[in-house]
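When you get a sec, could you build the whole thing from the sequences and use the hints?
Just so you know, the protein sequences line up as chains A and X, in that order.
Just so you know, we're using numbering that gives the first Met the number 0 here: the first sequence kicks off at 0 and counts up by one.
Just so you know, we're using numbering that gives the first Met the number 0 here: the second sequence kicks off at 0 and counts up by one.
Please keep in mind that the hints were generated in silico from the structure rather than gathered at the bench.
Heads up, the beta-carbon is just placed ideally off N, CA and C, and yes, glycines get one too.
Among the hints, erroneous ones may be present.
Derived SDA-like pairs (lysine to any residue); straight-line CA-CA distance at most 25 Å [claimed, not checked]:
hint, chain 1, residue 1, chain 2, residue 2
1, X, K83, A, K108
2, X, K87, A, Q17
3, X, K263, X, K278
4, A, K108, X, I116
5, A, K108, X, F156
6, A, K106, X, Q157
7, A, K106, X, A187
8, A, K7, A, G63
Going by beta-carbon spacing under 10 Å, a handful of chain X positions derived as facing chain A [to be verified]:
hint, residue
9, A164
10, V178
11, E261
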Amino acid sequence: MTAMLNVKDLRAYYGQVQALHGLNFSLNEGSLTTLLGANGAGKTTTLRAICNMVRSTGAVEFDGRPLASRSTESIVRLGIAHVPQGRGTFTTLTVEENLQLGAITRKDKAGIVSDIERMYAHFPVLKQRYTQQAGTLSGGEQQMLAVARALMLRPRLMLLDEPSFGLAPLIVRDLFKILGKINREDKVTILVVEQNAQLALELADQAYVIETGRIVMAGGAKEIANNEDVRKSYLGY
Amino acid sequence: MELFTNQILAGISTGAIYACMALAVVMIYQAIDHLNFAQGEMAMFSTFISWQLMQWGIPYWWAFLLTMAFSFAAGIAIERTLFKPLAKAPILTQVAGFIALFSIINSCAGLIWDFTIKQYPTPFGSSPFLGSQLISTHQAGMIGVTVLLLVALYFFFQYTRVGLAMRAAASVPESARLVGINTSWMIALGWGMAAGIGAIAGILIAPVVFLEPNMMGGVLIYGFAAAVLGGLTSPFGAVVGGFLVGIVENLAGTYIPGVGNELKLPIALALIITVLVVKPAGLFGRPIVKRV
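If you want it as structure tokens, here you go:
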């Protein structure tokens, strides 16, 4: 397998503060990888640095193409969908408009229409509310909308920033089930950043653990789940 | 009773002026999330351009179209050169920019075309409309154009991809970038469209208030008031707000003793403040619903 995304010596800065201290990792095409870490470890920053939303140095390559000089929107146009922390819902627009926006860079009208139907099949609750202002949805519904919006791009790589945040456990399970399905059936490579390590490790095939801006552990998800340090720090047993 | 209907009619006809300007105000608010104090001056300058074109012998509607195109391009150019570099600056810095732009355009117009008052033609004629002395064919035409413009804007924002992208960029810029929208160009496009709409407003208003560099001063205040009253997020609200301000101003001037012409404006503005205390998003503005 070839690496789809290659990250080399990634360093990121907020003003004078350095948040990432030289990250190296790669994602294989078709993989579902999780990036675990505590609050403030640099998980969100990693995703933001990949999309050039924060000042960074180092090399990020997608399909061998360097992303460093590209704007956020042109990185997205390469097929990288980013579901940001806090979901990034267009709260004043309707649910359906949110979905259409996900596909705003696509030109195939028929494909967009059928993809919207596909999203309604994945997330039936969105169909019931398609004319509703998206800000009126519950947190869980907004998270589903955010994932659906990202999928409307027909991305090759999807970056998810703590999709479980603030959601009830049952809803998280549903959501992760759908993510697994999307990964297997639609062949979307997924990188999911999580604090909920247990669920993320069940779902993923690869895992990285990040601490204070450095990757401290890498490997298969099962292997990481069995690691004693990880169990103590992130799984709590 | 006849006096009352007449005053309403007169209110609608002045309201058309405010409605037109309010549309331009809403347009820029959609794009940049605040008001552009130089908008009236930009409209005035556009109107002078069209006047100049007509002086050179170009027919009215050609001058109208050329002016629209020029204003659209100039709006984009102003955004690219002056306000794009200020995009991340504090709001007060941008306000200073607007005020600078205001006086630069005003002075330039005075320098090029001097401050004498000029007649401006109307394509609709100025005879009484349907036999009423209070509303002329020009004012009726103006109401027609404003309504047409409103319908066109509605379709643009509701049913086109660019319209949707512009709304998204105004609503959550970061998310807009994350779906691949070039938000910076959406703002420039908003400036261009606002300048174009402003040009239409100026051209329609000029036959009523006459053409001179300070023609838009009062009009812009009413336009702001109308837009705020109707809701800054709603083009429809802006137009209704424009007509309401016109009507209230006229009724107050006629029926409230001691008000007369001098106090018309404060009365209208007081009413607006009252409305906003009750409905902060304006009459037709969409209150932003948030659920956490």
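Comparing the hints with the structure gives:
1. K83(X) <-> K108(A): 33 Å, violated
2. K87(X) <-> Q17(A): Roughly 22 Å separates the two Cα atoms, so the pair holds.
3. K263(X) <-> K278(X): At roughly 23 Å apart (the allowed maximum being 25 Å), K278(X) and K263(X) satisfy the hint.
4. K108(A) <-> I116(X): 53 Å, violated
5. K108(A) <-> F156(X): Within the cut-off at roughly 18 Å; holds.
6. K106(A) <-> Q157(X): Roughly 18 Å separates the two Cα atoms, so the pair holds.
7. K106(A) <-> A187(X): The given pair, whose Cα atoms are some 23 Å apart, holds under the 25 Å limit.
8. K7(A) <-> G63(A): 12 Å, holds
9. A164: 6 Å, holds
10. V178: 5 Å, holds
11. E261: 41 Å, violated
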